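Engineer: Here's the letter readout for the chains.
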Amino acid sequence: MTGPLQHPGYDEEKLRKIAELLPCREVQAELLLSLMGQPEHRSYPAIFIYGHRASGKSHTINMIMKELELPHVMVSCVECLSVALLFEQVLLSFFGADAAALLPRGPSLSDFVRIYRQQCSDSPAKQTRYIIMEKAEMLRDTDANLLPALLRLQELVEDNVSVILLSEIVWDKFRPNTGCFEPLLFKCETILEQILSKDRHPSYSAEFYSSYINILLGVFYSVCRDLRELRHLAALNFSKFCEPLEEGKAKESDTHKLWRNIEPHLKKAMRTVYLREVSSLQWEKMQEMEEKEAGAVRGLSAHTHVELPYYSKFLLIAAYLASYNPARTDKRFFVKHHGKIKKTNFLKKNEKTSNHLLGPKPFPLDRMLAIFHSVVDSRVAPSASIFSQISSLVTLQLLNQASHDDQLDAPKYKCAVSMDFICAISRTVNFDIVKYLYDFL
Amino acid sequence: MSTSSVSKGCFVFKPSAKKRKIVGNEEHFRRGCEEKDGCALRYKLCKQLWDRIISDTESLQDELNKKILDGLLDFARERSGGRKHGDWAAQMRASEIPTAALMLGVNVPDHDVTFQSLSELLRSSVGPYVASLQAKECGLLKHLMKRVLERITGGVVAVDEEEDEEADASQIQTGAQCSISNLCEWYKGKFKKSTGPNPPVVVIFKDLEAFNPKVLQEFILICSRYVQDLPLVFVFGIATSPSTIQNMLPHSVSSLLCIELFHSLSCTQHLSTVIDRFVLTPSFPFKLNGKVMQVLISIFLYHDFSVRNFIKGVQLALLEHFHSQPLSVLCCEKDVALDVVGHLQPKDLERIRGLPSFKRHVEAQTKEEQAELLTDDACLKEECKKLIKSLHGYHKNYFPVLRCLHALTSSLPRYPLGKQIRELHLICLENCVWESEDYGTAMKLLRMLSKDELGAGVQRCVEILEQETSKTMREALERLQELLSKMKGLDLSDMAPPAQEPVITSPVRNLGKKTDLFQLQKTLLQMNETRRSKRLSPFEILRNETVDFIETLVKSHLSPPETQPLHEALYYGSSATVRRHLNATPRTSIQAALSDPYFYLQNENLRAEDGGVSNRAPDICVAYKLHLECGRLINLFDWMEAYSTVASAAEGADPEAEDFGRVDEIRHARFIRAVSELEFLGFVKSTKQKTDHVARLTWGGC
Numbered sequence: 001m002t003g004p005l006q007h008p009g010y011d012e013e014k015l016r017k018i019a020e021l022l023p024c025r026e027v028q029a030e031l032l033l034s035l036m037g038q039p040e041h042r043s044y045p046a047i048f049i050y051g052h053r054a055s056g057k058s059h060t061i062n063m064i065m066k067e068l069e070l071p072h073v074m075v076s077c078v079e080c081l082s083v084a085l086l087f088e089q090v091l092l093s094f095f096g097a098d099a100a101a102l103l104p105r106g107p108s109l110s111d112f113v114r115i116y117r118q119q120c121s122d123s124p125a126k127q128t129r130y131i132i133m134e135k136a137e138m139l140r141d142t143d144a145n146l147l148p149a150l151l152r153l154q155e156l157v158e159d160n161v162s163v164i165l166l167s168e169i170v171w172d173k174f175r176p177n178t179g180c181f182e183p184l185l186f187k188c189e190t191i192l193e194q195i196l197s198k199d200r201h202p203s204y205s206a207e208f209y210s211s212y213i214n215i216l217l218g219v220f221y222s223v224c225r226d227l228r229e230l231r232h233l234a235a236l237n238f239s240k241f242c243e244p245l246e247e248g249k250a251k252e253s254d255t256h257k258l259w260r261n262i263e264p265h266l267k268k269a270m271r272t273v274y275l276r277e278v279s280s281l282q283w284e285k286m287q288e289m290e291e292k293e294a295g296a297v298r299g300l301s302a303h304t305h306v307e308l309p310y311y312s313k314f315l316l317i318a319a320y321l322a323s324y325n326p327a328r329t330d331k332r333f334f335v336k337h338h339g340k341i342k343k344t345n346f347l348k349k350n351e352k353t354s355n356h357l358l359g360p361k362p363f364p365l366d367r368m369l370a371i372f373h374s375v376v377d378s379r380v381a382p383s384a385s386i387f388s389q390i391s392s393l394v395t396l397q398l399l400n401q402a403s404h405d406d407q408l409d410a411p412k413y414k415c416a417v418s419m420d421f422i423c424a425i426s427r428t429v430n431f432d433i434v435k436y437l438y439d440f441l
Numbered sequence: 001m002s003t004s005s006v007s008k009g010c011f012v013f014k015p016s017a018k019k020r021k022i023v024g025n026e027e028h029f030r031r032g033c034e035e036k037d038g039c040a041l042r043y044k045l046c047k048q049l050w051d052r053i054i055s056d057t058e059s060l061q062d063e064l065n066k067k068i069l070d071g072l073l074d075f076a077r078e079r080s081g082g083r084k085h086g087d088w089a090a091q092m093r094a095s096e097i098p099t100a101a102l103m104l105g106v107n108v109p110d111h112d113v114t115f116q117s118l119s120e121l122l123r124s125s126v127g128p129y130v131a132s133l134q135a136k137e138c139g140l141l142k143h144l145m146k147r148v149l150e151r152i153t154g155g156v157v158a159v160d161e162e163e164d165e166e167a168d169a170s171q172i173q174t175g176a177q178c179s180i181s182n183l184c185e186w187y188k189g190k191f192k193k194s195t196g197p198n199p200p201v202v203v204i205f206k207d208l209e210a211f212n213p214k215v216l217q218e219f220i221l222i223c224s225r226y227v228q229d230l231p232l233v234f235v236f237g238i239a240t241s242p243s244t245i246q247n248m249l250p251h252s253v254s255s256l257l258c259i260e261l262f263h264s265l266s267c268t269q270h271l272s273t274v275i276d277r278f279v280l281t282p283s284f285p286f287k288l289n290g291k292v293m294q295v296l297i298s299i300f301l302y303h304d305f306s307v308r309n310f311i312k313g314v315q316l317a318l319l320e321h322f323h324s325q326p327l328s329v330l331c332c333e334k335d336v337a338l339d340v341v342g343h344l345q346p347k348d349l350e351r352i353r354g355l356p357s358f359k360r361h362v363e364a365q366t367k368e369e370q371a372e373l374l375t376d377d378a379c380l381k382e383e384c385k386k387l388i389k390s391l392h393g394y395h396k397n398y399f400p401v402l403r404c405l406h407a408l409t410s411s412l413p414r415y416p417l418g419k420q421i422r423e424l425h426l427i428c429l430e431n432c433v434w435e436s437e438d439y440g441t442a443m444k445l446l447r448m449l450s451k452d453e454l455g456a457g458v459q460r461c462v463e464i465l466e467q468e469t470s471k472t473m474r475e476a477l478e479r480l481q482e483l484l485s486k487m488k489g490l491d492l493s494d495m496a497p498p499a500q501e502p503v504i505t506s507p508v509r510n511l512g513k514k515t516d517l518f519q520l521q522k523t524l525l526q527m528n529e530t531r532r533s534k535r536l537s538p539f540e541i542l543r544n545e546t547v548d549f550i551e552t553l554v555k556s557h558l559s560p561p562e563t564q565p566l567h568e569a570l571y572y573g574s575s576a577t578v579r580r581h582l583n584a585t586p587r588t589s590i591q592a593a594l595s596d597p598y599f600y601l602q603n604e605n606l607r608a609e610d611g612g613v614s615n616r617a618p619d620i621c622v623a624y625k626l627h628l629e630c631g632r633l634i635n636l637f638d639w640m641e642a643y644s645t646v647a648s649a650a651e652g653a654d655p656e657a658e659d660f661g662r663v664d665e666i667r668h669a670r671f672i673r674a675v676s677e678l679e680f681l682g683f684v685k686s687t688k689q690k691t692d693h694v695a696r697l698t699w700g701g702c
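Heads up: the protein sequence lines correspond to chains R and U, in order. Going left to right, the first sequence walks through residues 1 to 441 as full-length UniProt numbering numbers them. Going left to right, the second sequence walks through residues 1 to 702 as full-length UniProt numbering numbers them.
These are calculated hints, taken from the structure and not from any lab test. Just so you know, these numbers come straight off a predicted model, no measurement behind them. Some hints could be false.
Said to hold, decoys possible - With a straight-line Cα cutoff of 27 Å, these simulated DSSO-like cross-link-like pairs (lysine-lysine) come out: (1) R:K361 - U:K688; (2) R:K414 - R:K435; (3) U:K419 - R:K414; (4) R:K135 - U:K396; (5) U:K44 - R:K414; (6) U:K386 - U:K347; (7) U:K688 - R:K331; (8) U:K685 - R:K361; (9) U:K136 - R:K412; (10) U:K685 - R:K331; (11) U:K419 - U:K44; (12) R:K412 - U:K688; (13) R:K66 - U:K688; (14) U:K214 - R:K135; (15) R:K412 - U:K214; (16) U:K188 - R:K412; (17) R:K361 - U:K214; (18) U:K522 - R:K173; (19) R:K66 - U:K66; (20) U:K136 - R:K414; (21) U:K419 - U:K396; (22) U:K688 - R:K414; (23) U:K685 - R:K412.
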């Protein structure tokens, strides 16, 4: 732990408050403040902060900006569907609605720079202005010139402005190939325990809650380091933890007893609620129920059964066969009196690996229909509804279209269902699919 | 046509609406009857039944969806209201967006109705802010945003695109971009002063599977930033299984949602209810015969699972029936039908005399009566009235007895008469049910039921018959009740076979000795005899009595409708028409058109015997016919030569002449056009193997 934050140019009282609000982030805050310099000074043009999800990047910046009352704008890049939204937000918060209204429809970067300079000559910056971009990794997908321009915005608009980028991804993955002005980098690392212990339940002591957090982390730390997620889990399971206390079976100091009580419960939580198999609301309800009833609430992945029309089932089976069998072997499976062809005879060198390990292969529509007509036990007219079933299987994402949309040019598909799923489907129509799969010959 | 324009150019002249003669709907119903009254009446009846189907299905749908929709409504209300008065745990959970995952099954055409009633209900009982989205209108995130904003604010929102240039008439605010932050501002502005729980903003994703996962993820990420200020509720319409959510959304996104599952009624149950309401009831006069019923049900089971399409099929059959059958005027309630008989024209009476079922009926009468029926119109009318009454009476008894038989047999092992009542109905429509083998098995099994099982079955029958009013059914009810009370009166001691059974020397003991096969067979047969002849317990007697009674009921009431005179007026039987309309086969039609142009063009010149094509047929037919004779690769030049020969023969050129079959420019062009048409239809395509060849894409040929 370092001492209280100190930096010239800022009110000490405020700095102390920041230090309180940012547990375990004193070092980073200090570094950040020293980079920013005094409010009137020119700041470094671009700063890039990265760290894992919920490691407190936005929180730290936000607290500093708010507490020190610096002129700033927070922009989330996910929200900026177009650059126009980004420009509008920046202008709006620096210069008011009038400036934002000056932006033309579909503004370009130079429009933005022009208006910014205009406005800034009217009201020059007394303090450094900060543009904070959350989820900056989204900037990579926008116009190629946006990111380099933002990094040198200070030069472009000739104003005391600094851009702070926040991201979960390291800077190496950002660097545009045309080269750009390098921002200053620094990294946030995660320290969970103290932060988690901060939001304790009002009716219990701090020690008690922090011992609970200790237990919780013991179970979940290996799978999850996301602060938000852990907080959520802590909240969900706390009532169960307190149960023995309320029933008078244990005291707050009986850590071992409490641990024995909660541990299996937390393990179960890891299997269900952490994976969002059951929603948090259902989880709360389950806690109220008796043990045996709780089994009745089934998770999302328990319902994998899909009811399909009869021919759709066969179409899906045909698609699966076409996806996982090499086309050469169709003759062996689907032609009567094909003669004896042993597997070794048509085994090619590169086909020794299982097709199921390689994943589905695309196949043309004709092949699928040929297999379909051969596996379905009755004569089926090639009616329009057979074809519409194929396209509805595509919209249900049980099949994927592997080529472009042009129907005239022999479309190709891939089967997107799993082995278990197709086995369940074929069982309902009394079709032994394993007998028709090349891999299981 | 002329214009006042001085410049040269293309002008479009739209036909003026006045000139077109508007034909009344009634006019279409004139097949086979020239009288205006008949047409009008048929149209009126058809319209009545049509409207009745629509209104009944709507109410049925509402009824069936009620439970799941109520659950959803509670969910929406509770989740939006519960956020304010949060305890500690709820506060920690507040960042999750409540999400209802609505499992609807793969019958996608039916979903629209459900969503429509859902959004109507939500609007009326939860709040006006409901936006329902379809995947195809939300290809990009900005389109999705635009739709959401439009539908919630009820205005038009500008999107950064040229095509929406003119749409800025009623924007929420000038220069507004569509973003959730704007929506949030708008919402806050709306509810600045109100203190109570504000109505939630419900976003319905109708077909979750079809959405672009990336767009959906980003939308959820954005929404989760505003969930503190904006009470959002999502509804996901899922056709396959809930694990789709996990497939589409990564953990970081799905952890922002609080998902609850809702299951809707399965489509087969839904179909059963619909069949119960429209088919298995005497109150709906229009009926389908076995074959049509079979077509509709197999389309449902084999192709789409869509109840809506099933109902459309029934409507199509209804329309076809009234359109094609002049005697459909009789297809209405009993009293109305009796009234109509009084006004029948002589022509209609002739038609009645021509009906096969009526002919059969006449043949069963005595000579004098036959003569009277065939000559005297008044007598025929009286007879018709009698027949209509008996037909309606037949239906009144048929359905209750069908239900009784189903109640008794639906729980038998291996379901000899089907698990669903529609299967039994189909069997009964086709043939006399009591002649079928399955019926025999079912009766045999019934005679082996235990007291409890049989009692429960009879009890169900009694409950079914209690709702009926007709006299015969009342009598049957009394009899069944009597049997039931007798059955209940038996106590356990009566169940066992009587003890004083004479002990006969069991032939089984003799089996210990060495026997040959013949001997064994004989002994076994003997044993069978003795078992049959042994005395029955009182319960067994009662059981036989009950089953016998059921059998008499079946034999007297479940005869197929074809045996009833005048059934043609009520039953629609053209399964081929229904199949052609509902289960179209474009490929077959194209091939029929190409190989037999007469079929569609109806031109006598094109008529050809023995499956050939006349040389006067359209070019494409000739080219098609010729290409059938080729192998997988077709040499274009040979093909053109052959075509040219056929074409010159069609023009009547002399086969001996020198230029017979020579390729001139016109024939060349006609041939090229025919080939490219065939290519467009997918019969041939160009190939890289040989440049002057095309590849055939179909198998087989002459």
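Engineer: Hints first: check each against the structure and report whether it holds.
Structural biologist: Results for each hint:
1. R:K361 - U:K688: holds (24 Å)
2. R:K414 - R:K435: Given pair K414 of chain R, K435 of chain R holds - Cα atoms ~21 Å apart, limit 27 Å.
3. U:K419 - R:K414: violated (37 Å)
4. R:K135 - U:K396: Given pair K135 of chain R, K396 of chain U is violated - Cα atoms ~71 Å apart, limit 27 Å.
5. U:K44 - R:K414: violated (52 Å)
6. U:K386 - U:K347: It holds: about 20 Å lies between the C-alpha atoms, which stays within 27 Å.
7. U:K688 - R:K331: It holds: about 25 Å lies between the C-alpha atoms, which stays within 27 Å.
8. U:K685 - R:K361: Distance ~24 Å between K685 of chain U and K361 of chain R Cα, so the pair holds.
9. U:K136 - R:K412: holds (21 Å)
10. U:K685 - R:K331: Distance of about 24 Å is within 27 Å: holds.
11. U:K419 - U:K44: violated (38 Å)
12. R:K412 - U:K688: With Cα atoms ~20 Å apart, K412 of chain R and K688 of chain U stay inside 27 Å; holds.
13. R:K66 - U:K688: Judged against 27 Å, a Cα distance of about 70 Å means the pair is violated.
14. U:K214 - R:K135: holds (15 Å)
15. R:K412 - U:K214: Holds. K412 of chain R to K214 of chain U sits at ~23 Å (cutoff 27 Å).
16. U:K188 - R:K412: violated (50 Å)
17. R:K361 - U:K214: Holds, at about 24 Å.
18. U:K522 - R:K173: Violated, at roughly 91 Å.
19. R:K66 - U:K66: Roughly 51 Å between the alpha carbons, so the hint for K66 of chain R and K66 of chain U is violated.
20. U:K136 - R:K414: Holds: K136 of chain U and K414 of chain R sit about 21 Å apart, inside 27 Å.
21. U:K419 - U:K396: Status holds; Cα separation ~23 Å.
22. U:K688 - R:K414: holds (26 Å)
23. U:K685 - R:K412: Since the Cα atoms of K685 of chain U and K412 of chain R sit roughly 17 Å apart, the hinted pair holds (cutoff 27 Å).
The structure fails hints 3, 4, 5, 11, 13, 16, 18, 19 (numbered hints given earlier, in ascending order).
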